[in-house]
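S.K.: Chain residues, written in single-letter form:
Protein chains: 4
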Amino acid sequence: MDYQNILNEIHAEVQPIIGSAPPADYIPELANVDNKKFGISLTTISGEEYGVGDTEVKFSIQSISKVITLAKVFYSLGDQIWERVGVEPSGTTFNSLTQLEFEKGIPRNPFLNSGALVITDMLISIFDKPKEEILRIMRSISGNNEIIPNLKVAESEIGHSERNKALAYMMKSFGNIHNDIDHLLEVYAYQCAIEMTCKELSKAFLLFANNGFCRFSNKRELTVSQTKRLNAIMQSCGFYDEAGEFAFKVGLPGKSGVGGGIVAVLPGQFSISVWNPGLNKKGNSLVGMKALELFTTKSGISIF
Amino acid sequence: MDYQNILNEIHAEVQPIIGSAPPADYIPELANVDNKKFGISLTTISGEEYGVGDTEVKFSIQSISKVITLAKVFYSLGDQIWERVGVEPSGTTFNSLTQLEFEKGIPRNPFLNSGALVITDMLISIFDKPKEEILRIMRSISGNNEIIPNLKVAESEIGHSERNKALAYMMKSFGNIHNDIDHLLEVYAYQCAIEMTCKELSKAFLLFANNGFCRFSNKRELTVSQTKRLNAIMQSCGFYDEAGEFAFKVGLPGKSGVGGGIVAVLPGQFSISVWNPGLNKKGNSLVGMKALELFTTKSGISIF
Amino acid sequence: MDYQNILNEIHAEVQPIIGSAPPADYIPELANVDNKKFGISLTTISGEEYGVGDTEVKFSIQSISKVITLAKVFYSLGDQIWERVGVEPSGTTFNSLTQLEFEKGIPRNPFLNSGALVITDMLISIFDKPKEEILRIMRSISGNNEIIPNLKVAESEIGHSERNKALAYMMKSFGNIHNDIDHLLEVYAYQCAIEMTCKELSKAFLLFANNGFCRFSNKRELTVSQTKRLNAIMQSCGFYDEAGEFAFKVGLPGKSGVGGGIVAVLPGQFSISVWNPGLNKKGNSLVGMKALELFTTKSGISIF
Amino acid sequence: MDYQNILNEIHAEVQPIIGSAPPADYIPELANVDNKKFGISLTTISGEEYGVGDTEVKFSIQSISKVITLAKVFYSLGDQIWERVGVEPSGTTFNSLTQLEFEKGIPRNPFLNSGALVITDMLISIFDKPKEEILRIMRSISGNNEIIPNLKVAESEIGHSERNKALAYMMKSFGNIHNDIDHLLEVYAYQCAIEMTCKELSKAFLLFANNGFCRFSNKRELTVSQTKRLNAIMQSCGFYDEAGEFAFKVGLPGKSGVGGGIVAVLPGQFSISVWNPGLNKKGNSLVGMKALELFTTKSGISIF
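Residue numbers (my numbering), protein chains in the order written: chain A, 29 to 332; chain B, 29 to 332; chain C, 29 to 332; chain D, 29 to 332.
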């Protein structure tokens with residue numbers, strides 16, 4: 029398939045809607061990002077790379093980091109992690125406390141903020157230096173040792189973390205957070221503040237298209253079975269209360285971040301990332317969603 | 029792949045749990061079904077058929093019928109149907125009124141009872157003789173003109189339809205039901221009471237594995253794009269509040285029914301159906317879920 | 029206390045807000061009522077009557093009828109009625125299904141539509157001719173044999189009763205409705221469509237200020253203890269999700285109706301009724317709420 | 029009325045149920061209280077005192093303190109406080125986050141933990157030394173300068189305050205908490221840990237029966253109108269999701285605490301306090317509720 033040509037067509041077709049949606053506004057570092065930027069990158073499991081637009085501009089990966097910490101913790105601890113977090117879509121927004129209260133502090137899935145906090149809490153319990161470990165895995169799977177967080181973003185997030193603290197204290201009241209909450213929030217802000225380019229992000233997610241084996245670290249990061257399961261969770265829960273819509277229109281497992289990035293995979297074939305900071309009302313990149321919908325339409329490719 | 033051998037192995041391995049769960053008990057016709065019966069059938073798009081166990085015993089397809097009426101209405105009306113029903117997983121049980129109230133009478137998805145009632149309401153608006161049309165399509169896609177509903181089941185369902193009537197009147201209060209509610213409930217009970225064997229069910233669902241073209245009716249029943257979308261909805265919403273679990277463990281789009289049937293498809297390859305009447309706490313066939321999980325494990329096959 | 033003077037002052041002071049709020053609009057018979065009408069009447073247990081404005085104009089008592097049917101059923105059946113309906117405020121709107129679902133078909137209190145339907149269902153079970161019985165009690169306690177329902181209103185209500193049917197079927201699915209639902213809705217519409225004047229309404233409610241003994245029927249309609257309890261329920265639950273606000277600002281047990289009437293009692297002293305059809309956002313008479321707040325302020329009278 | 033005789037009768041009649049319910053168990057200081065203790069005290073506005081049982085044993089007043097801080101803040105700031113907290117019953121338990129989320133961080137009423145935290149947050153904003161001020165007012169209105177908190181209880185509460193922290197951070201995320209949360213929780217734990225005897229408690233609440241004027245401080249603590257309103261809030265919201273039940277059975281404005289104390293007032297007449305540490309499933313003193321129900325039955329006294 030002529031991926032480059034498809035990406036070029038998408039690039040042309042999304043031009044009219046670029047800039048039409050505002051970026052996240054809860055911290056200045058995200059609010060001030062140029063919402064005219066757009067990039068799309070695709071990496072195949074045989075190593076081919078395609079891309080167009082601002083594919084080498086860094087952006088905040090935010091919630092996309094949740095997939096990577098989940099992979100790390102899942103490979104480390106195995107199925108016992110599912111005692112502390114579920115795999116069901118939530119039907120609600122990413123930071124809802126309501127469901128968490130009804131379900132006794134067990135988050136519905138690891139891509140809700142509550143669930144990601146539980147995963148990061150596990151990561152802190154495993155590793156003495158959790159931040160270093162997060163950085164190490166990010167660099168390793170994307171084959172780029174220069175990857176770093178934007179510490180200003182991390183700091184701002186911490187200054188606006190009341191809702192996440194409410195989630196964390198709620199879960200602690202049910203015994204589902206084990207570490208100090210201020211430390212947890214700090215590590216969590218650190219992982220969300222990691223910056224990558226579209227190119228790096230599609231590389232980093234290639235392992236999910238490649239049965240858990242990473243071309244760049246040259247080692248297994250997940251078992252074959254775990255990879256399938258993690259892809260299934262991305263499919264079911266990767267887009268908050270727009271997960272069904274994404275499955276319906278795009279048909280690939282993926283994950284979005286409030287920085288405007290989206291990454292998706294076709295198991296056995298490729299990973300694809302797209303970035304534009306303007307967000308729709310559900311908190312997902314407006315142009316990114318459209319670009320991936322166009323990709324599916326033009327290529328005829330989906331898991332369905 | 030040696031499908032027959034895999035099915036045989038599954039048949040052997042599920043024996044210990046057959047009979048351990050009770051069938052649906054809300055009407056005597058379902059409560060009295062023999063929960064020792066078990067069948068599993070697989071049909072490939074090239075026409076091969078595999079199976080083991082009670083693959084030629086009729087059972088009530090119940091909610092599995094929702095996929096077929098949805099396909100019929102979707103192909104007839106196109107995307108306008110999504111103004112009256114969503115595509116998001118619900119995170120709640122199949123007959124909840126709560127979400128329906130918050131969302132102004134628009135069901136989350138067409139596989140909730142509320143959503144299926146809206147789809148059947150559309151079908152009634154399109155066809156003068158909706159029951160005949162339902163029977164016609166069921167027979168046509170499974171290549172079997174003998175398929176009929178169990179009218180005793182239909183009658184019993186009508187006698188126990190208070191909850192569905194509540195859903196229907198609630199939606200009518202928001203303007204989202206257009207036809208007479210007693211008639212709607214009667215047609216709905218009729219479609220749920222259709223009986224098929226595992227063999228027939230896997231044939232009937234082959235069109236979803238075959239891009240919308242049916243080998244048996246020898247015609248297109250859905251466009252290619254609609255087929256992908258319908259598969260995506262099965263993936264996201266086919267198992268009530270166990271949809272994520274099914275995606276996680278099985279990794280195939282599918283649909284369950286309270287009669288104990290489950291059907292799933294691997295797009296481009298095959299459809300597979302399994303039946304045992306014993307239900308788990310979420311209302312899905314306990315043995316059926318296990319059998320499909322074993323199928324994925326043994327074959328290594330999933331969309332992920 | 030110079031009640032007449034206080035009522036005159038209130039009449040003068042509410043003039044500027046009369047006509048500022050629209051009447052109920054869900055049926056034409058209520059929507060077309062003149063929202064410039066205003067009346068206020070007070071009757072003491074010693075038989076004095078005070079009033080000003082349109083105190084002899086008939087209006088639809090609507091939900092105020094729920095108190096009278098509750099009194100009738102409570103006196104007939106005693107405390108067993110509390111097995112089928114609670115006495116707690118709901119915290120939600122008058123026709124919510126959500127809470128009803130969580131609480132297995134047991135309405136929070138008898139002044140929610142769901143709870144009132146249960147009470148009317150009991151009344152139907154007790155009396156062979158429930159409509160006649162409702163008319164008889166209404167006439168008896170207000171000392172006026174001319175009281176009748178507006179049958180056009182009743183008919184219109186039945187034509188707009190989808191939501192109430194949803195509530196009724198929901199409760200029936202939990203076994204908490206015993207009679208035919210169409211009949212139940214008809215009797216319920218009949219009781220809501222009763223018309224009274226302010227004068228008649230304050231007379232009818234005098235029994236609640238008089239320990240359950242009615243001056244007009246000249247007999248006991250409730251025991252002393254039941255009267256206190258019914259007043260307590262009016263206090264806790266008489267104004268939907270504005271019950272706390274009414275207690276806070278007015279401080280008398282009372283009940284509102286969507287026809288714009290409100291009635292309240294000071295136990296041991298008097299009953300007071302007020303009417304203006306314009307409704308606030310909570311569905312209570314805007315001017316009526318203000319008039320009673322002024323009454324409390326001017327008279328210094330409240331149960332607190 | 030022969031209050032002493034009534035109290036004696038109650039004392040005798042509740043003996044069989046004393047000790048049948050367990051005390052609060054979330055901190056050892058409450059769990060280890062002797063649940064055989066029982067006291068009941070009544071103070072009239074003319075200064076008479078009645079009592080029987082353990083009326084001079086100290087216990088933790090816990091949530092009863094919420095009424096006193098509310099009175100202090102209400103008298104200081106006036107009606108502006110109602111912009112940050114409502115007056116409606118919640119229909120849910122005392123520490124629910126669900127409703128708080130739906131209602132954008134504005135607690136339903138000041139007797140929920142969330143609402144009480146907002147009131148204490150206001151108190152911290154007003155007074156430089158909030159703890160001293162709390163102690164001063166408690167001592168002043170009960171006419172006893174020896175009143176102190178149990179600092180072990182306060183410390184234990186802080187160590188078990190995850191749920192309250194979750195509430196506080198949630199409200200802060202909506203801008204409805206202004207002070208440091210650790211400090212807020214500390215002051216809140218301090219007020220809840222105040223210890224009083226039944227005798228002291230009935231004296232402290234006499235001001236609510238006396239139109240806001242306190243016999244012991246010899247000054248006005250609330251305006252007449254504010255007193256009525258505060259009594260109305262106690263009536264509507266004083267017993268969590270048992271407020272309707274208390275109104276129904278007891279018919280007096282009151283407030284309970286998890287330490288097993290309950291206090292109630294008859295406006296214009298008296299205040300009455302009762303204590304036994306055993307709690308019913310709603311978190312209110314089982315014996316205390318029964319004792320006050322007996323009081324109403326025997327005396328025929330209620331606001332209704």
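Certain hints may be false.
Identical copies go unnamed one by one, so any copy, or any two together, can satisfy a pair.
For lysine-lysine, the following DSS-like pairs were computed, each having C-alpha atoms within a straight-line distance of at most 30 Å [claimed, not checked]:
no. : residue 1 : residue 2
1   : K277      : K247
2   : K227      : K132
3   : K227      : K157
4   : K310      : K65
5   : K180      : K247
6   : K310      : K132
If you're looking for bench data, these hints aren't it; they were derived computationally from the structure.
These numbers were taken from a predicted model, which means no experiment stands behind them.
S.K.: A separate judgement is required for each hint: does it hold in the structure or not?
M.R.: Hints and how they fare:
1. In this homomeric assembly, K277 and K247 come within 30 Å of each other (Cα to Cα) only across copies, at 25 Å, whereas the closest approach inside a single copy is 33 Å.
2. In this assembly of identical chains, the alpha carbons of K227 and K132 never lie at most 30 Å apart, being 40 Å within a copy and 40 Å across copies at closest.
3. Taking CA atoms no more than 30 Å apart as the test, K227 paired with K157 passes inside one copy only; the shortest distance there is 28 Å, against 56 Å between copies.
4. In this assembly of identical chains, the alpha carbons of K310 and K65 lie at most 30 Å apart only when taken from the same copy (20 Å versus 46 Å across copies).
5. Neither within a single protomer nor between protomers do K180 and K247 lie at most 30 Å apart by alpha-carbon distance, with minima of 33 Å and 55 Å respectively.
6. Proximity of K310 and K132 under a CA criterion of 30 Å is satisfied in both settings, with 26 Å inside one chain copy and 18 Å between copies.
Checked against the numbered hints given earlier, the structure breaks hints 2, 5 and satisfies all the rest.
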